[in-house]
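Enquirer: Input sequences plus hints: build the corresponding full structure.
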Amino acid sequence: MDPNEIESVSVLKDAAASIYGIRAAGGVILVTTKKGNKSGKVDINYSFNQSFQTFLGMPEGVGAVDYMLMTNEKNKHNFDANFISNQPPKFSYNDIKPWLDGTYKETNWIDLAFKDTAPQLMHNLNVNGGSDKISYFFNLGYQKQDGVFKSGDLNYDKYNFRSNVTVDITKGLKAQVLASGMMDEKNQPYTDLWTIYKYAWNQIPTKQVFANDNPLYPSVIDDNMNPAIITEADKVGLKTFKQKNFVGQLNLQYDIPGIKGLNAKALYNVDYNVSDNNEIRREYTLYTYKADTDTYLPSKVQSPSRVRRSYYTRFNTLSSLSLNYANTFFNDHNIAATLVYEQSHQTGDNFYAQRDTEIPVDYLFGGLPNGQMQGGMDINGLNDIAFQSIIGRLNYDYKGKYLAEFIFRRDGSNKYQPGTSDQFGFFPGVSVGWVVTKENFFRNLIPENILGSLKFRASYGKQGDERGRAFNYLSGFNYPVNSYIFGSSAVNGSSQRLGNPGLSWAVNTKKNIAVDFSFLGGKLDGTFEVFRSDRTGLEATPAVALPGTVGADVPQININSDRVQGMDLILSHRSTIGNVGLNISGNIGTTRAQWLNILQGRAGNERENWKNGQVNRYQNIWWGPEYAGQFTNYQQIYNYAVNMGGGNNGVIPGDYYYQDWNEDGEINDKDDHPIATNDIPLVNYGMSIGVAYKGFDVNVLLQGAAGVYVQYDELFAEPLAFERSSLTRFLDSWHTVDPNANIYDPNTQWTPGFYPAMGSPRAKGTKAVQNASYLRVKTLELGYTIPAIALQKIGVKKLRVYVNSYNLATFTGLKNYDPEHQGPKPGEDFGVALGGYTYPMNRTFNLGANITF
1176 MDPNEIESVS VLKDAAASIY GIRAAGGVIL VTTKKGNKSG KVDINYSFNQ
1226 SFQTFLGMPE GVGAVDYMLM TNEKNKHNFD ANFISNQPPK FSYNDIKPWL
1276 DGTYKETNWI DLAFKDTAPQ LMHNLNVNGG SDKISYFFNL GYQKQDGVFK
1326 SGDLNYDKYN FRSNVTVDIT KGLKAQVLAS GMMDEKNQPY TDLWTIYKYA
1376 WNQIPTKQVF ANDNPLYPSV IDDNMNPAII TEADKVGLKT FKQKNFVGQL
1426 NLQYDIPGIK GLNAKALYNV DYNVSDNNEI RREYTLYTYK ADTDTYLPSK
1476 VQSPSRVRRS YYTRFNTLSS LSLNYANTFF NDHNIAATLV YEQSHQTGDN
1526 FYAQRDTEIP VDYLFGGLPN GQMQGGMDIN GLNDIAFQSI IGRLNYDYKG
1576 KYLAEFIFRR DGSNKYQPGT SDQFGFFPGV SVGWVVTKEN FFRNLIPENI
1626 LGSLKFRASY GKQGDERGRA FNYLSGFNYP VNSYIFGSSA VNGSSQRLGN
1676 PGLSWAVNTK KNIAVDFSFL GGKLDGTFEV FRSDRTGLEA TPAVALPGTV
1726 GADVPQININ SDRVQGMDLI LSHRSTIGNV GLNISGNIGT TRAQWLNILQ
1776 GRAGNERENW KNGQVNRYQN IWWGPEYAGQ FTNYQQIYNY AVNMGGGNNG
1826 VIPGDYYYQD WNEDGEINDK DDHPIATNDI PLVNYGMSIG VAYKGFDVNV
1876 LLQGAAGVYV QYDELFAEPL AFERSSLTRF LDSWHTVDPN ANIYDPNTQW
1926 TPGFYPAMGS PRAKGTKAVQ NASYLRVKTL ELGYTIPAIA LQKIGVKKLR
1976 VYVNSYNLAT FTGLKNYDPE HQGPKPGEDF GVALGGYTYP MNRTFNLGAN
2026 ITF
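Residue numbering for the sequence shown follows the working numbering, beginning at 1176 and increasing consecutively.
Hints may be right or wrong, so weigh each one.
[Stated by the list, open to error] Simulated crosslink set (DSS-like; lysine-lysine; CA at most 25 Å straight-line): (1) Lys-1414 with Lys-1213; (2) Lys-1333 with Lys-1417; (3) Lys-1361 with Lys-1417; (4) Lys-1213 with Lys-1308; (5) Lys-1972 with Lys-1213; (6) Lys-1319 with Lys-1308; (7) Lys-1435 with Lys-1209; (8) Lys-1290 with Lys-1953; (9) Lys-1249 with Lys-1942; (10) Lys-1786 with Lys-1939; (11) Lys-1435 with Lys-1333; (12) Lys-1972 with Lys-1869; (13) Lys-1308 with Lys-1440; (14) Lys-1576 with Lys-1686; (15) Lys-1290 with Lys-1319; (16) Lys-1280 with Lys-1290; (17) Lys-1249 with Lys-1280; (18) Lys-1972 with Lys-1216.
[Unchecked claim] So the derived label-pair ranges between C-beta atoms look like this: (19) Gln-1794 with Pro-1263: 48 to 58 Å; (20) Met-1233 with Asn-1754: 42 to 52 Å; (21) Asp-1286 with Asp-1839: 44 to 54 Å.
Think of the hints as simulated: they come from the structure by calculation, not from any bench. Note that beta-carbon positions come from the ideal geometry of N, C-alpha and C, so glycine has one too.
Expert: Next up, the structure:
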């Protein structure tokens, strides 16, 4: 959403969130957009923002000389089958000298592929106003963002609009028409972005962009991934992702005459989303130069050229009718009640087609005619889901002192077997509150100017959770397949999975206890909350193998359960001292998740069952050995009684050693034990500080996390991995004082480093899993609002100019990495975090203005 159209944001995570929708089991973020005013005045607001982004924590590769020296060091470290290989250096002095004296020019692949800065531009125009009968708010926004590729082929454009109109049609009848839309387009080279980052960061600096330095012939290098070429869309092709979204809503409210406080509401909402993606893969040529014949040998890459078009649509509707009543009886008893009927329908469809091409056109008709047309659907994008609900809510409070809320939902879904009790679920909830400071006895104890408000509240409720795939109560089939004859009939389909007609809703049971308080006349406000959420009946597939004669998979059942629990503390301060206004708000929260029951097969032995078992164990746990230190000399290695593998042959100074956790005299996977959580922080915290003085304002946002750990892979964890280059951080490694010395000679002199020597085993366990706790200056902004009297002559009501920066500074104990740079998670495949080859965090500098006419 465009931030210029947002009025307020609030978060609900207790049972009270149920009223806001069938998918509120995980909590609700309520975003209220701006509406017009009935003052008769019209305000026109224009805002402009120009920003420049730079990479935060961009990895840096070594130069040619360092690469060759590191390779020679690794070559020396070759101990195979208990014998020292004594391999000669890969690069001799004569090989290194031309690079050392500048005769040869090294290639800085990172500088070739990436710019230092990337611009971003935002414009926004909105109008709000109205009269006693109508109010309106209109908003238009535009955003243009360039990427950091020097080719300019990574960019993003977005247009958005919003229209909120409220009309008093007749006495007691009000209509609200809300509409919003967004259209964006992202362009990038055909090569996946993570692949570009990977090869820009690890390509060898002695390789050249062009064969024989001839710009007509881009050179063949490792995996045909020439970073200077794969960032250029006119050479490798282009991916274009277009998305259009429209949301429209009509609200009618009628105050029913004759009954004070009673009204009826009707709502209809549509949400239509289209994704239209185009991929053009271009065949291109790389060359190898043969000096003896002065010729260039071509190598075709990405052959043949191909065009692929994919199209996704999603259409959601929501309609509801409600009766609402609110009234006060005998001055002290306040009652509010709501009864709602709601139904929603969600459909999704998709299709793709692709053809190999011979001519360079962007359309499918330009493809080869013989069997190249392919079409298909992504099953995850196909859906036809409907929900039906009846919701009730009753609120009561006595003098604002004692508060109670009762809520229920009866939800039904076509995901479950029609006509059965499993299709519908009943989910009640209750909340109570007590404002202690409204009690007379309390006011006699503590004056109001000390403790202005103290409120205790608690809630308990159940909510339905329908995250499972639709129609799992039905058996599925693959069609068509090769025909088989059964009896006298030809069968052209095969069973894919068995259905379970007993599948039903998972249930989320929520418990919250909280206290809200206000001290010193509102100068110190706060909330402390403890919460727990238990989900039962989560769908899972039993780890049971059916006989091949069944020809289908085991159906899913409602069996898994988990728990999420934690606490939050929010404190805020607001004061004015003379001409200085001060606002401070801080928050800290901790959350942990654990499995209460999870369906999993037994392992081969008790230890494996213990290690892999997840029941009643916190989620997101890293396992590994305990780091114990680094060997500093051969005497220490000889005296180390624990076998780290191969009788410790090949171990050299600088290598890591680990704790023999099970005391069996060996270091192996049996020494693995829980060592850390992963990249989901145990604790999140933040603070905002705002100071205003005579038109000037300074705003700071601090954000941090504790109890968060990361581990990196491939070139982030090992220099010269896969015979590629190295990052500069690994220059701080153990190495011999004499580059030609024998590393297995106990008398060899060593220079210590942070990392072990080239070719040593990479870090693991607590040495590899690093604490990524941090505190970040997320935002720092300085603004100035020009006095209104100075603007009157030019017809401007308000003008504020500002400069700010995002991600300005970070404080962390993590060495060589940005703490929010994603790495692989424990137990997950390389592809989940792409080995750390993800777009780095950005530091952004902005200049902007807000003008009101």
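Enquirer: The structure should be examined with respect to each hint, and the outcome stated for every one.
Expert: Hint-by-hint comparison with the structure:
| no. | hint | in the structure |
| --- | --- | --- |
| 1 | Lys-1414 with Lys-1213 | violated (47 Å) |
| 2 | Lys-1333 with Lys-1417 | holds (10 Å) |
| 3 | Lys-1361 with Lys-1417 | holds (7 Å) |
| 4 | Lys-1213 with Lys-1308 | holds (8 Å) |
| 5 | Lys-1972 with Lys-1213 | holds (18 Å) |
| 6 | Lys-1319 with Lys-1308 | violated (38 Å) |
| 7 | Lys-1435 with Lys-1209 | violated (29 Å) |
| 8 | Lys-1290 with Lys-1953 | holds (23 Å) |
| 9 | Lys-1249 with Lys-1942 | holds (21 Å) |
| 10 | Lys-1786 with Lys-1939 | holds (17 Å) |
| 11 | Lys-1435 with Lys-1333 | violated (47 Å) |
| 12 | Lys-1972 with Lys-1869 | holds (17 Å) |
| 13 | Lys-1308 with Lys-1440 | holds (19 Å) |
| 14 | Lys-1576 with Lys-1686 | holds (22 Å) |
| 15 | Lys-1290 with Lys-1319 | holds (17 Å) |
| 16 | Lys-1280 with Lys-1290 | holds (20 Å) |
| 17 | Lys-1249 with Lys-1280 | holds (24 Å) |
| 18 | Lys-1972 with Lys-1216 | holds (12 Å) |
| 19 | Gln-1794 with Pro-1263: 48 to 58 Å | holds (51 Å) |
| 20 | Met-1233 with Asn-1754: 42 to 52 Å | holds (43 Å) |
| 21 | Asp-1286 with Asp-1839: 44 to 54 Å | holds (51 Å) |
Against the hints set out earlier in the document, violations occur for numbers 1, 6, 7, 11.
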